[in-house]
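Join the two chains into one complex using the hints; note that each chain is given alone, in its own frame.
Those protein sequence lines, which keep their order, are chains G and F. Every letter in the first sequence is one number past the one before it in our numbering, and letter 32, counting from 1, is 32. Every letter in the second sequence is one number past the one before it in our numbering, and letter 28, counting from 1, is 28.
There's no promise every hint is true.
Stated by the list, open to error - From the structure, some residues in chain F lie toward chain G, with a derived Cβ separation under 7 angstroms: (1) Ser-45; (2) Ile-86; (3) Ala-95; (4) Gly-103.
Quick caveat, the hints were computed from the structure, so don't treat them as lab data. Even glycine gets a Cβ: it sits at the ideal position worked out from N, Cα and C.
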Amino acid sequence: DTGVSQDPRHKITKRGQNVTFRCDPISEHNRLYWYRQTLGQGPEFLTYFQNEAQLEKSRLLSDRFSAERPKGSFSTLEIQRTEQGDSAMYLCASSPRRDTEAFFGQGTRLTVV
Amino acid sequence: KNEVEQSPQNLTAQEGEFITINCSYSVGISALHWLQQHPGGGIVSLFMLSSGKKKHGRLIATINIQEKHSSLHITASHPRDSAVYICAVAIIQGAQKLVFGQGTRLTINP
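Okay, chain F solo, but in the shape it has when bound (with noise of 0.2 angstroms):
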């Protein structure tokens, strides 16, 4: 089973849907990232959390640690939002290296 466990895999959904991201996971963590990947590999950070949530403009992240979970949220969504979503956990020890999930592959159709 992999440490971090990420659902769906693939979401296509229309303009305007609610769009929620899944994460689980496994180990101790220092914090949990949701990050976003385009076409052509960059990849950049959405938020960064180690507890509640937090909130950027149409995209809000919450983490219950007790329960090892955290979803990503999208309001009113837009195609520009169409991506991988990836989610990682810093390992608490040592080098708080990234965990990462296997992303969701987010299509948003106008």
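Extracted from the complex, chain G is given alone in its bound form (with noise of 0.2 angstroms):
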């Protein structure tokens, strides 16, 4: 069990390139979560997996935004024609099952200049 890993821990882009980030859950976890942080805040939900399926999404993400987690293990989150106002960090977080811990990766930064 190697914790939930993110790739690539920093990303820095130009405004309107696309962007995808990848997610690693801990084996076995079932629930995938991604939050997003910006700089001085506390980070706010994204969306959520169940296995395979997405079953909830923020308003925050907008069409820019979208997530897979085919086949239930790792997940993916693409940014299209990225804003600086997209510019935070970007975490992942596991649990095995409801009313259980959560456990987060090291988060990927993402500046878009």
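Here's what the structure looks like:
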């Protein structure tokens, strides 16, 4: 058990480019969450997967954002046509079932220039 | 008004002092989490509470469900305790997503 892994740790991109982040949850954790954290703020919920099904999405997740979790294992978060306001830390968390502790990855820090 | 409010936002103390961080929430929850975040971003879970009190080493967390309030205490604080401490509540419906407070930046001086 190596914990929740996120890749890359840092990403600098030019405005208008597309970026994709990956999250590998702890093996056999069927619940996977994406959160976004801007400087000085607490994280905010983006989306939730139970196995391969995306069951909940925040209104923060505009149509430029898409997330997938094929086969219920790793997940990807893609941002199309990035904007400077997308600059943030993107955090992934997983948990094995309801009412259990959440395990967080180290996050991907995105900077849009 | 935020659904989860923490106080104070910043706290500086001397090594050895007793630290208290407070969290109030206004929504129905299935559990409350206390998390620690170090520079660089990684978040570590300290406690998950649904009632009463829990203790790990020098850290103690309490929750009062009726008053919708929780506290995190650190006894005999040490410079290595310096970090951002975040209160988060798991929403009772659906995904049990976490709603986070803004965090408390704690600095312990030697």
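Now for the hints, and whether the structure bears them out:
1. Interface hint status for Ser-45/F: upheld, as the beta-carbon distance to the closest one in chain G is roughly 5 angstroms, under 7 angstroms.
2. A hinted interface residue such as Ile-86/F counts as satisfied when its beta carbon comes closer than 7 angstroms to some beta carbon of chain G; here the least separation is about 6 angstroms, so the hint holds.
3. Below 7 angstroms, beta-carbon pairs count as interface contacts, and Ala-95/F has one with chain G at about 4 angstroms; its hint therefore holds.
4. With a least beta-carbon distance of about 5 angstroms to chain G, the hint placing Gly-103/F at the interface is held under the 7 angstroms criterion.
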